[in-house]
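Once you have looked at the hints, place chains R, F and G on chain L.
Protein chains in written order, with our numbering: chain L, 1 to 311; chain R, 1 to 297; chain F, 1 to 332; chain G, 1 to 553.
If you are wondering where the hints come from, they were derived from the structure by calculation, not from laboratory data. Errors might be hidden in some of the hints.
As the list claims (entries may be wrong) - Straight-line alpha carbon distances no greater than 30 Å define the calculated DSS-like cross-link-like pairs of lysine-lysine that follow:
#1 G/K196 - G/K154
#2 G/K210 - F/K169
#3 G/K230 - F/K169
#4 G/K322 - G/K504
#5 F/K169 - G/K549
#6 L/K21 - R/K32
#7 G/K553 - F/K169
#8 R/K32 - R/K277
#9 G/K379 - G/K504
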Amino acid sequence: MLHVQNLTVAFTVYERGLAQKRLTVITDLDVEVQAGEVVAIVGASGSGKSLLAHAILGILPHNADLGGTMTFEGEALTPARKEALRGKQIVLVPQSVASLDPLMRVGAQVQRAAQLSGQRSRAADQAVDQAFRRYSLPETTRQRYPFQLSGGMARRVLVSTAVVGSAKLVIADEPTPGLHPQIVAETLGHLRELADEGCGVLLITHDIEAALQIADRVAVFYAGTTVEMALASDFAHGATALRHPYTKALWRALPQNEFIALAGTQPNPDALPDGCLFADRCPLVTAACRVARPESRSLRGGLVRCIHAEG
Amino acid sequence: MSQSSTTPATTTLSSSGKVARIYPWQMNRRQKTVLTIGLCLGFFALALLGGRIIGDAGLSTNLPSRNQAPSLAHPFGTDWLGRDMLTRTLHGLSLSLWVGLLAATFSAVIGAALGTIAATIGGWVDTLLTWCIDVFFSLPHLVLLIMIAFAVGGGTTGVIIAVACTHWTGLARIIRAEVLQLRSAPYVQLAAQFGRSPTWIACEHMLPHLVPQFLVGLILLFPHAILHEAGLTFIGIGLSPHLPAIGIILAESMRYLATGYWWLAAMPGAALLIAVKLFDVLGEHVRALIDPKTRQS
Amino acid sequence: MQIASSILRFTARKLLRLLILLGAVAVFSFVLINLSPIDPVNAYIGADMLLISPEQRALIATRWGLDQPMTVRFARWAEQILQGNLGVSIIFNQPVATVIADRFSTSLALMATAWILSGAIGFVLGILAGMREGSLIDRAIRLYAYTLASSPTFWVALLLLIIFSVSLKWAPFCCASPPGLLPDQVTITQRLQHLILPAITLSIVGVANMALHTRQKLIEVLQSEYALFARAQGESIWGLVQNHGIRNVALPAITLQGAALSELFGGAVLAEQVFSYPGLGQATVQAAIRSDVPLLLGIVFFSAIFVFVGNTLADLAYQVIDPRIRIGGGAQ
Amino acid sequence: MRRMRTLLLGLIIGLLWLSACGTPTAPAPTQTTTTASQPTTAPVAPATTRSAPQQLILAIGGESEDGYDPTLGWGRYGSPLFQSTLLQRNEQLQLVNDLATDYTISADKLVWTINIRQDAKFSDGKPVTSEDVAYTFTKAQESGGKTDVTTLDKAVVTGPYQVELHLKQPQITFVQRLATLGIVPKHAHGPDYAQKPIGSGPYTLVSWEKGKQLIVEANPLYYGTQPQIKRLVFLFVDSEGDGAFIAAKAGQVQVASVPPSLAVQQIPNMRLVDVKSVDNRGIMFPYVADEGKKTPTGYPIGNNVTADRAIRQAINYVIDRKALVQGVLEGYGSPAYGPVSGLAWEQPQATIEDTNLATAKQLLADGGWQAGSDGVLVKDGLKAAFTLIYPASDATRQALALSAADMVRPLGITINVEGKGWDDIEKLMHSNAILFGWGSHDQTEMYNLYHSSAAGQGFYNTGYYANQSIDSTLDLALGAPSEQEAIAFWQKAQWDGTNGFTTKGDAAWAWLVNLDHTYFVDQCLDIGTPQIEPHGHGWPITAGIVNWKWTCK
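Okay, chain L solo, but in the shape it has when bound:
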């Protein structure tokens, strides 16, 4: 349904004085989402993941430059088409309650989302009731204001804005932080249901455990690019089934595994090394790694962007 090839998102921002510099936050990122599938994009927080969501929806700030190609159901996603589709076929589930208008009742906001996705007001009204019942939100929620909602209720309201329409692709941007584990599971369950009903779900998160609960495939995001596209099941077989050294380090860092953190930090977006971005921290690093960016190649049913990874 959604194909993204070597997407690049860069900002021209100001340094201290008057000079400008470019931050390439996303470099040649590839990802694709099929209908009925949940694809998780997992990466350290602050590495520009939610910018991917904004890029797909076309709501980047205007000092951003966009490169690479994006297609949706076979057709190129031009800015005009993005504008036509967003809210109707491509919907966003944002992270915080701040995305809700503080002075407007929650019911009205969700109904507005429904109307924007093409439904007339009477049908939209029913859609809202249906969605609230589906996510077992009490009847009074419609009259409530955003600041009166608990974390979980707010999350369910945000998800219901995606449900009221006839969306084909749902992009969930960090749905899990700051919630009680039981509610996290519940939210992820809702996303899974959407996928099972035929939507494509792009789950952007830093919480690898949460991703593994519902994702079919996991794209590992490092310094602005996808270093590996693995099946969720690969993670079940331990580090050996994984391909890229960074994914292995991620897996090892999990508490239920060896709980060893990886040394060093991600490269700075305005001074990306020429070669492999993971070179400085990679145990398998060789001279060849630093010459050119490794291409993304298929390996054991997944993709990896490392010349040393082998079967």
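Frame of chain L, contents of chains R, F and G only:
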């Protein structure tokens, strides 16, 4: 804030990460901002020193050459006493700029401070301050101005203090309403739960949000203070009416509007308008620089 | 029953605050007037004070009781007020109540229209400018607002008068009704014709404040998180303004409009001087310049009431507009 | 329970809200020609043959804010319109009888016996008797109004149509009160008489909308000549500003008073009438030196520079009064060399040859003033510099002060000009030069300006001018048996060849200009020859209103 489609900026990607510009003179947004701020300050300096630069030869009366249209000899024309309007306008600007600036800043600061205090501390303090605002609002403008200006001894200081003490109420109410809304923002309540004192919260969290409204209020007060200076002068409490101050020149030129001597009103009016517009541009760019949302664009 | 008692208590508290306000305003302006440099006897005699002999001055002073000390005059004035008599105006040689009543009634229609129009035009301009920030229309509106703010309003009014009534002869050149007609002969259409130009002038002149504050607030709202999410839902710029803009921008607008309510009473000196439209603005100015204490205090009283109502309405409107203030126990 | 309150208020706010943010359909200025809506005024037709309008609209300002009660000061400048006065001044300002048939003054000049005509009636039909005259004078004397009748001791009725006025001391200028105090009906004079005046004058009040207009109609019972114009509307537009001028340009008004700066403009169907007036402007010099003396109220007296006669005379000689008239008054005025120029009691010999730098320099040299290092004259250590103050609210006086100061500078005398409010002026007027405006038909003004006994009394003789021989001449003038004989003395006080207070004598003042009052009058309206108008208040031009005629048929 971006338009619906992301149009690539006019700069090309360079491998080194530094921005390569297509044309050397093309500045990025921030350089333009700083340049404009420089220009504005330059103009104000010119306005302040203009009076001295042009000297006051043109200020003496010259009855035969009165009411002359703008010409090379007198770019702004001459007034009903034959005085050169350009000299008078420049002197007027340098005089009024101080009065307008000081009066506007004082009253804006008082207004913002009291507005914030009223909303943050709330309770009886808020009731007391809103009550004071009501008292100041209901006393006719002019009465207060006359009394305070007279009590302080008239002249420019009288005008500044009078305007400062009477014009803070409008801004105080707007800032109070703004802070009332901010007070219920999550990050403010969070800071409160962390045990921060209301004053710390007010300074750290609320003031940055108030800057735009504060600047708008300040910029609007600037010409208002100048026009009040003229009002007081004609009652005999401000300056002597023949001293060139923009407000006075404009008020006096009012009488000649019907006579068709348009330049008496148009030229000083334009000068004041440019001064106010530049204040707006200055304010707008300073806000663009310090407001995180617009810093990067 | 419980609701009625709460409203009763609420209005009682508000009335109490109003009374304290009126008391303070009376004392405050009485003291201010007496500190004023302007000697009422001189002001009363006016320009031919050069002809009046000192004995005549003393006679005038006793007639208006200006020779008693301030406290005695205040006591007598206060006791008059309690019997509902506002005293006699020195300038107009008429009871203050009649002076205020007949000037206020004629100018009420004009001031109300001007108050509503300037609020509405200002608000709409602010929205337009904020919505398309940085565009041509934004710059045009801002330039328009600043030109009005920095040019004396008399100037603008006179220009409009000269253009519309003298050269184009579209609108009548003065007054609330055609000159030469007795009050009862004036028809409604004539009153309306005489209302249009002053009302439009007052509205045009009064928009700067409302427009700029609204624009500023709308820019902030359009940069907010919920605006971004709304755009992600496919909301057009107009949709954004209608559903989220107006609601969030209301607060400063309501404050300004509430504060401007007192102008409704004060009338505009501008309308009176340029359009000779009777109102209380000129009377207030004269009362201040010529230290006419009873008239000034009468005017201050009524404007205090208008201001109080205006600001209280604005405060209550905050609660209606912003639930967080209402439910979050905002400043009561 | 809070719901109810917020619901209620929500409603109100909603209303305000709807009106505030709904885009109002501002009624576009409807296309109306104003004349159509006023059936009464003349339809616009070719200039010459416009028929007489039913009512004449006058925009000459002069609204009497505190009403039309002569005992409180209405009509103190003459022609009270609603009431009639005992005497009247004709175009040449000579006193003629009006309500009075004749008056005689007793030998000791303390008792004035006045006989009034027997056919005069008030507009409510009741006859005018001596009771009313006595009542009017007593009421004016005791009420704290703007007309000064304090010299009257008592008024005695000695016959149905005869009354005696007893004065406290002889004062020939009391005749001025006879010519300006309108007679009010004793039976109908109450506290609100001022709003609805009843009198025996040519017009009666029909309606008065404060701040807007006054409508009057001809009084059928008027004993004098019936006015041809039956109905008048006084429109109170902002007269000293452009209000009257704009009204005239809009073609809605038949007579409009305009400031000189606008008098140079042209208005179709109207002509400019330039009326002479005695409204004059001059510089008052403190006459005595500064010996640290103070007035009873504690204000400093005296100024060493202006106390020197040579300085005062030099300033009088150097100022170019014609340039002032042309430059400041656009030509609508005349040079003034004394306080009463143009009036019957002016001394023609007092006029001097001004714009005369040589004589001025000579006078200063003879007076011992030498040029100092910076070009400013010095005399035994004293610099020739002083302050000239003008009332801040008067633009004409500001212009005169500034121009005069610049004209005097070549002499080496620096005049610093300042604008002050009247209350500041009161403190400074004994120790600084002030630009005053005087001018009245009442000669008492000259007496109070130059007599030493009036020094320091209110605004009279603020410079403390004192000259024994001038005092005695003025006393003789005041005590003269009739106005005719008094004129010789008034002229002697100004200049009698060797002595006087004008420039050739003590030059106590530097009189500058007389202002003309400029009106735009409809070409078809003949307003006769207007009299020389006093200081510009009230409606001086309406003095001869009874014989106004509309000439176009």
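- prompt: For this structure, which hints from the list above don't hold up?
  reply: Violated hints: none at all, because every hint is consistent with the structure.
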